[in-house]
Amino acid sequence: MRRVLLILAAAVLAGSLLAGCGSDGEEPPLTVLGASSLETALSEYDRSAGAAVRASFAGSDQLAAQIRRGAPADVFASADTEYPAELYRAGLVEKPVVFAANELVLAVPPGSPVASLADLARPGTKLVVGAPSVPVGRYTRALLARLPRGERRAIERNIRSEEPEVGSVVAKLEQGAADAGFLYVTDAEAAGDGLATVRTPARLQPTIAYAAAVVSHSDVRAAAHRYLDGLLHGQGAGALRRSGFLPPP
Amino acid sequence: MRRSPFSALAALALLATVAFLLVPVVAVFADVGPGRLLEALGEESAREALRLSLWTTLLAVVIVVAVGTPAAYLLARYEGLPGRSLILTAIELPLVMPPAVAGVALLAAFGPQGIFGPLLDSAGVELVFETAGVVVALVFVAAPFYLSQGVAAFAALDGRQLEAARTLGAGPFRTFATVALPGAREGLASGLALAWGRALGEFGATLLFAGSLQGVTQTTPLAIFAEFSRPGGFTAALALSAVLIVVSGALLLGVKLLVGERGPARGRPWTS
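In the order they appear, the protein sequences are chains A and B. Each residue of the first sequence is one higher than the one before, counting from 0 in numbering that gives the first Met the number 0. Each residue of the second sequence is one higher than the one before, counting from 0 in numbering that gives the first Met the number 0.
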């Protein structure tokens, strides 16, 4: 028994020594909280960045809620400017920068009866949108608010589900569960042949700007700032363009 | 048990277990306060979510009990049933299945592009985005809790009593209703409480399969999630959580009192 304990102790000691050597001079990983719609672009950027990045993707509203509750994170990349601005006012993040823009489209699965925005108002049409608190849901409501009142009401009556993030809007469409859904042009392009897009008139299009900020209590602020710079000018900006994001307005 | 280092260690482990399990529960109430709790309950969206949760889980539990009780009886008492052990394992599978997997699986089976999608569609049955879909998800995730408890309860019955009832001239149904059911009621009731509790807490399968819309598919856990994401919604999320804790707790306690389950009193721990 004693010998087993001795061997175990030696193994633990050796292991910790090895681990100590390995992490010597290496920076702790950067934790990035990114909007659901940024997943493809940021994952590509994270792989090219070289440094260790731990990324977590969810609706920007959930990520903001996590930061409000003190979640340990270094960078917050939101699908809007409101959440970073709100956290900045609360002293939780540093001054946000706008790093990309996007566009809202109406996406339809193959065989959908919806071919235009006007079709959405037909009774029985199944429409999925983002929840009011997630940016894609807020943009959708901003777009609908620019329609004539009667048409807007008719479309709102056809909303069958309010999804917590844009990824689940895409999933509901790809499952053929809904006839149409509002999502970003980047998501529609990523879905490929699975979804067709119906462009919406430019006069209805809300301004969609993505802002990111370094979290105030981050332990690796220098690395976080480098990550943000890369989003604006470096490999991150390249990855964003390849995913279809527009340069910041 | 003699006082030994082990007893002290076990007592410490019990203390840690109870503290760890109770601290988050107490924190919900400490954070909300009774005033806020009532205030949050006054909001229409919260009331609607609670109402929806109450009746969808009630319906799901009724279905589970009505179909699950005879099924569990058959599984427990007829050992000659072909494929019995396979069935026993299969019905417990959703028990260990992650809710997200359950949601994907339900879509694959009953979704518009699922195996039975066209059939359901031609029959005019809609599940996705409908309250009926919520009930289907609840039955799927909750049934195994009732079934496994039910099978165990029926299996523990004394075979001679059932035999005696039958030799005294009772038919199979009468034996089931007058001897088996009363004998298994404690196990069945605790299975019911577990199934109901699981249904009340269901989140992932509902969201993936049925979607989320206030008054139609947004049950209380989905409403909690929506409130958490809304700026300034954390208190409302806490208040709804508090209600769910109270309701689930009352459910568990009520069922235990109803059947007079004496719990751990039957064993007598900590006496020498």
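Be aware that one or more of the hints could be misleading.
These stretches of chain B come out as covered by chain A in the derived footprint (C-beta under 8 Å, 3 or more residues) [unchecked claim]:
#1 71–81
#2 99–113
Pulled a few chain A residues facing chain B out of the computed Cβ check, cut under 7 Å [stated by the list, open to error]:
#3 S55
#4 Q65
#5 D118
#6 A120
#7 G175
#8 H216
#9 A221
The hints are simulated quantities; they were obtained by calculation from the structure and are not laboratory data. Positions of the beta carbon are idealized from the N, C-alpha and C atoms, including for glycine.
Quick rundown of the hints versus the structure:
1. 71–81: violated (count 0)
2. 99–113: holds (count 4)
3. S55: The hint is violated - S55 of chain A has no Cβ within 7 Å of chain B, the shortest such distance being about 15 Å.
4. Q65: violated, 9 Å
5. D118: violated, 18 Å
6. A120: violated, 18 Å
7. G175: This hint holds: G175 of chain A lies near chain B, its Cβ roughly 4 Å from the closest one there, short of 7 Å.
8. H216: violated, 19 Å
9. A221: At 30 Å from the nearest chain B Cβ, A221 of chain A fails the 7 Å test, so the hint is violated.
Hint compliance for this structure: hints 1, 3, 4, 5, 6, 8, 9 are not met, and every other hint is.
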